[in-house]
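Engineer: Given next are the chains, with one letter for each unit.
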Amino acid sequence: GDSVTQMEGPVTLSEEAFLTINCTYTATGYPSLFWYVQYPGEGLQLLLKATKADDKGSNKGFEATYRKETTSFHLEKGSVQVSDSAVYFCALTTQGGSEKLVFGKGTKLTVNP
Amino acid sequence: GAVVSQHPSRVICKSGTSVKIECRSLDFQATTMFWYRQFPKQSLMLMATSNEGSKATYEQGVEKDKFLINHASLTLSTLTVASAHPEDSSFYICSATSHDNNEHFFGPGTRLTVL
Numbered sequence: 001g002d003s004v005t006q007m008e009g010p011v012t013l014s015e016e017a018f019l020t021i022n023c024t025y026t027a028t029g030y031p032s033l034f035w036y037v038q039y040p041g042e043g044l045q046l047l048l049k050a051t052k053a054d055d056k057g058s059n060k061g062f063e064a065t066y067r068k069e070t071t072s073f074h075l076e077k078g079s080v081q082v083s084d085s086a087v088y089f090c091a092l093t094t095q096g097g098s099e100k101l102v103f104g105k106g107t108k109l110t111v112n113p
Numbered sequence: 114g115a116v117v118s119q120h121p122s123r124v125i126c127k128s129g130t131s132v133k134i135e136c137r138s139l140d141f142q143a144t145t146m147f148w149y150r151q152f153p154k155q156s157l158m159l160m161a162t163s164n165e166g167s168k169a170t171y172e173q174g175v176e177k178d179k180f181l182i183n184h185a186s187l188t189l190s191t192l193t194v195a196s197a198h199p200e201d202s203s204f205y206i207c208s209a210t211s212h213d214n215n216e217h218f219f220g221p222g223t224r225l226t227v228l
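Keeping their order, the protein sequence lines are chains X and G. What the first sequence shows, in the working numbering, is residues 1 to 113, in sequence order. What the second sequence shows, in the working numbering, is residues 114 to 228, in sequence order.
Wrong hints could be hidden among the right ones.
Said to hold, decoys possible - Subject to a maximum C-alpha distance of 27 Å in a straight line, what follows is the list of computed DSS-like cross-link-like pairs (lysine-lysine):
{"no.": "1", "chain 1": "X", "residue 1": "105", "chain 2": "G", "residue 2": "179"}
{"no.": "2", "chain 1": "X", "residue 1": "56", "chain 2": "X", "residue 2": "105"}
{"no.": "3", "chain 1": "X", "residue 1": "108", "chain 2": "G", "residue 2": "154"}
{"no.": "4", "chain 1": "X", "residue 1": "105", "chain 2": "G", "residue 2": "154"}
{"no.": "5", "chain 1": "X", "residue 1": "105", "chain 2": "X", "residue 2": "68"}
{"no.": "6", "chain 1": "G", "residue 1": "177", "chain 2": "X", "residue 2": "105"}
{"no.": "7", "chain 1": "G", "residue 1": "154", "chain 2": "X", "residue 2": "60"}
Because the hints were derived from the structure by calculation, they are not lab data.
Please work from the sequences and hints to get the whole structure.
Structural biologist: Next up, the structure:
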């Protein structure tokens, strides 16, 4: 079945450091790919998405590129802030997004001042 | 963006009682709602998918008699944890999609603690 594998962390960085959170997937169909963010005590928010190969999703300084050849969707940010401290989830759907999301296990990011 | 609310945000109950959690789409019609359980160390488990007016589809290993889901209208789905026990303590999250917007919108979650 479809699955998502992401680095589990936790990841601890200093402010202004470069962030990469790796995410790879397996899917039987042609997936749409997502990154969600969960701040402490809250539900999930969509951070960015990409629906076809070579698409780059971006938001709030975060970026991820849909790489079909490596089945990857790694999340990057050039300079993290303390306010980026959260749990990040990579996810996919395989039928236009209205079907269920398949999540990775999440990566907890802590950014220290 | 679209807003999904959950009520209550947290609930503490005694073992053996039933607990109802509501998930509402506030400004759109949610044709499909999803219920998740989030375990410690973050992982999200999809429990069931519900479509308005039809029976929920449960994921493998989820007890349908234990976790009762009702999606009676296009803006409301409820999850009832029947005869809750301490092992049911968890963070329950819902999400919703509409037929004209495939994006999943998540509720803020409900923290259930069973004593």
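Engineer: All the hints need checking, so say for each whether the structure fits it.
Structural biologist: The hints, checked one at a time:
no., hint, result
1, X:105 - G:179, "holds, 25 Å"
2, X:56 - X:105, "holds, 22 Å"
3, X:108 - G:154, "holds, 9 Å"
4, X:105 - G:154, "holds, 8 Å"
5, X:105 - X:68, "holds, 21 Å"
6, G:177 - X:105, "holds, 24 Å"
7, G:154 - X:60, "holds, 25 Å"
Hint compliance for this structure: no hint is broken.
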